[in-house]
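Numbering (the numbering used here), first residue to last: 1 to 489.
One should not assume that every hint holds.
Calculated cross-link-like contacts (lysine to any residue; reagent style SDA-like; alpha-carbon spacing at most 25 Å) [what the hints assert, rightly or not]:
no. : residue 1 : residue 2
1   : 277       : 128
2   : 452       : 440
3   : 393       : 416
Don't read these hints as lab results, they were simulated from the structure.
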Amino acid sequence: MTDDEPDGRRTANRDFDVELDDVLDDEEDEGGLFDDLLSGEPIFENKEVLRPSYTPHELPHRNEQINNMATILVAALRGETPSNILIYGKTGTGKTASAKYVSQELENTSRKYDVPCEVEYINCEVTDTQYRVLAQLANTFIEQNREYARGRVRELEDLLSEADDDANALTDTEFADTRDVERRIEEFERDLEDMEEVPMTGWPTDRVYSVFFDAVDYVERVAVIMLDEIDKLVEKSGDDTLYNLSRMNSELDNSRVSIIGISNDLKFTDFLDPRVKSSLGEEEIVFPPYDANQLRDILQHRSTDAFKADALSEDVIPLCAAFAAQEHGDARRALDLLRTAGELAERDQADVVTEEHVRRAQDKIELDRVVEVVRTLPTQSKLVLFAIMMLEKHGVHNINTGEVYNIYKTLCDEIDADVLTQRRVTDLISELDMLGIVNAVVVSKGRYGRTKEINLSVPIDETEAVLQADSRLGDIENVTPFVQARFDN
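All chains should be built: construct the whole structure from the sequences, respecting the hints.
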């Protein structure tokens with residue numbers, strides 16, 4: 001700035017400089033977006049301990065089942081083929097956690113005694129076709145075989161180097177001379193070139209099985225294949241996979257295969273071929289539901305590692321256990337509840353998780369479940385639910401099937417969807433009732449016959465938001481339901 005500038009302008013600039021400095025100071029004092037959130041003391045020590053994927057070092061109230069599994073699988077450590085095992089139990093009864101725990105112990109012990117034993121885990125809810133199961137197993141064993149072949153090549157190359165310096169280096173080995181060693185290296189290198197991974201689609205299934213068979217039998221080993229949610233695989237793809245896996249030991253030369261099947265459905269074997277059923281279910285282990293006291297022990301055990309000291313009030317664990325015990329003793333639900341309560345307490349920047357946080361967590365988990373169920377409904381079921389929701393929004397309660405069907409037809413016209421028969425819509429209402437989204441009760445009207453009275457069982461605002469998030473239903477304009485006058489009104 002020059003001296004000949006007007007005083008007023010110099011003053012204005014000085015004022016502006018002061019104000020800018022003040023603003024910058026204020027921003028530094030306020031801190032960033034996450035500073036306030038990080039300022040509080042964390043409640044969790046290790047949140048992962050409360051997740052379903054975590055395998056604990058100890059599983060309370062499952063010693064009997066764990067010992068049964070260990071007694072059966074110890075045959076693998078002797079180089080023998082263990083019996084196939086089917087594990088049954090409802091969700092959250094510790095089936096998968098116990099099986100993974102025993103598998104880890106088995107692999108650790110096999111390394112300790114230098115016994116080739118491997119456990120491969122597959123979740124059949126995700127990998128749910130014969131092709132995918134065989135491809136995943138084939139690629140896993142191919143990768144292990146590559147590591148083995150590369151390791152053997154390195155060992156043999158080192159042996160060749162020793163033989164160059166020491167004429168007695170091949171004494172006490174399987175090789176007569178260096179040319180034998182070179183031939184064996186060439187064999188492993190050819191094997192490495194031939195080891196082609198299976199693509200996730202595109203091959204005939206019999207070719208995938210052949211590659212899997214060769215990969216398993218490449219070296220001496222006992223392979224334990226754990227199929228979690230095995231009933232989902234059978235439901236979608238039939239029992240061909242299980243038939244092939246359970247019968248392949250008779251054709252293997254070097255390796256042995258054992259199967260552990262885990263299922264929530266105690267009756268899924270009723271749909272299996274009798275030959276598969278007899279070979280697969282050689283041993284059966286049932287996991288009963290936990291009671292409230294057992295759930296309390298599990299939560300107490302996990303909370304010690306999951307939370308900071310004194311982070312839980314006394315009534316938190318008993319309340320979580322009581323809520324989960326109401327739902328067939330589901331430990332997974334109890335752990336989710338405790339973790340969610342801790343997360344809500346952290347968001348509140350509270351020092352202690354309280355009963356109120358548990359009750360809020362219970363409401364949140366239930367709402368999340370409902371939202372997910374509604375979101376994944378087929379379009380026709382969503383239209384039926386939309387019709388019920390619109391009637392309730394207009395003050396109609398104890399809705400009958402005819403009223404739902406009238407609105408449903410209007411909604412179908414709005415989005416150009418096929419109109420189902422009233423009988424089929426009644427079936428869809430029954431399905432929504434089974435999912436807990438609506439409450440449908442058959443009542444007698446005396447001389448007028450019987451009818452269903454339908455009411456929504458889920459929060460109306462959240463349900464409407466999820467339905468309108470569907471691209472087809474989002475186009476529905478305001479439809480005012482026409483409701484016939486009722487004598488009971």
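- Query: Which earlier hints turn out false for this structure, listed by number in ascending order?
  - Reply: Violated hints: none at all, because every hint is consistent with the structure.
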